[in-house]
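K.L.:
Sequence:
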Amino acid sequence: MLISASLDFMLTLSRSMADMSSTTTSPSDDVTESLIRLLDAADVLPGAAELRAHTYDLLRLGDGQPVVDVGCGSGRAVAELADRGARPIGVEPDARMLAAARRRWQDWDFREGFADELPLDDGSVAGYRVDKVFHELADPAAALAEARRVLAPGGRIVLIGQDWDTFVIDSDDPELTRTIVHARADTLPSPHAARAYRSLLLDAGFDDVTVEVRTAVFTDRRMLPMLTGLAAAASAEGAVDRDRAEVWVAEQTRRADSDRMFLAVPLFIAAGVSPTR
1 MLISASLDFM LTLSRSMADM SSTTTSPSDD VTESLIRLLD AADVLPGAAE LRAHTYDLLR
61 LGDGQPVVDV GCGSGRAVAE LADRGARPIG VEPDARMLAA ARRRWQDWDF REGFADELPL
121 DDGSVAGYRV DKVFHELADP AAALAEARRV LAPGGRIVLI GQDWDTFVID SDDPELTRTI
181 VHARADTLPS PHAARAYRSL LLDAGFDDVT VEVRTAVFTD RRMLPMLTGL AAAASAEGAV
241 DRDRAEVWVA EQTRRADSDR MFLAVPLFIA AGVSPTR
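Going by UniProt numbering, the first residue of the sequence shown is number 1, and it counts up by one from there.
Source of the hints: derived by calculation from the structure; they are not laboratory data.
Among these hints, one or two may not hold up.
As the list claims (entries may be wrong) - Here are the computed lysine to any residue pairs in the SDA-like style, where the Cα-Cα straight-line distance is at most 20 Å:
#1 Lys132 - Asp243
#2 Lys132 - Asp116
#3 Lys132 - Val213
Please take these sequences and the hints and turn them into a complete structure.
P.N.:
Written out as structure tokens, the structure is:
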């Protein structure tokens, strides 16, 4: 099963995205449009809509209840939550991505803001959702403190994301592959945030915390840029020299051309409840 949303483009373009915990330079218009095209392509992969729907189910929202989608990107989840009868608010730090969301979904509420400083009143939402964002945060705990602030007592929180050290890639050189995967992870502020979801939620005071895992399997040649992006990042960081990175990319390209490419990424889904006491 293929499951995705922002994962495929984050591998190659995450450095161009705005960090949810601090102000950064916005990507250029052409990069933003490329991101949106990749989002759209990923959103219709088999399993993608199913996974998003599962996160909505975990929110257990009633008709008209307010919910915030943090790091909403081009806004698809906001529109889908609205279709379910909720009253969604999309929060996005990048001005160009925010403008795109407002153009695409003109009936819904999109606001500029950051995960640790949401443009919401205390206790003003019944649900909080964040999809593949926490690895970009320098301080995920601060974002969860903010989630506690904006959630009403009994409100539900849902987190979904990948642990960047757990990518499984078929290769003739497993040692080099491990080096590349770990080097790419080390370029991110919080590459292991997903494995810490349970502890983070408990430390933030949430009740009824649950965690589950869904594994995304990618074998389609269209996903090759995910792998070349890993190698490029590892080479840029000096973890592997350029020649070795190019050899690895050539192998992955041959695998893609012969229908032998394999990438598996565990996606962690955590949920909890804002305490009523």
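K.L.:
State for each hint whether it applies.
P.N.:
Taking the hints in turn, this is what the structure says about them:
1. For the hint linking Lys132 to Asp243, the alpha-carbon distance of about 31 Å lies beyond 20 Å, and the restraint is violated.
2. Distance restraint check for Lys132 and Asp116: the Cα-Cα separation of roughly 15 Å lies within the 20 Å cut-off, and the hinted pair is therefore satisfied.
3. Of the pairs offered as hints, the one joining Lys132 and Val213 holds, with about 14 Å between alpha carbons and a cut-off of 20 Å not exceeded.
The structure is inconsistent with hint 1 alone, although it conforms to all the rest.
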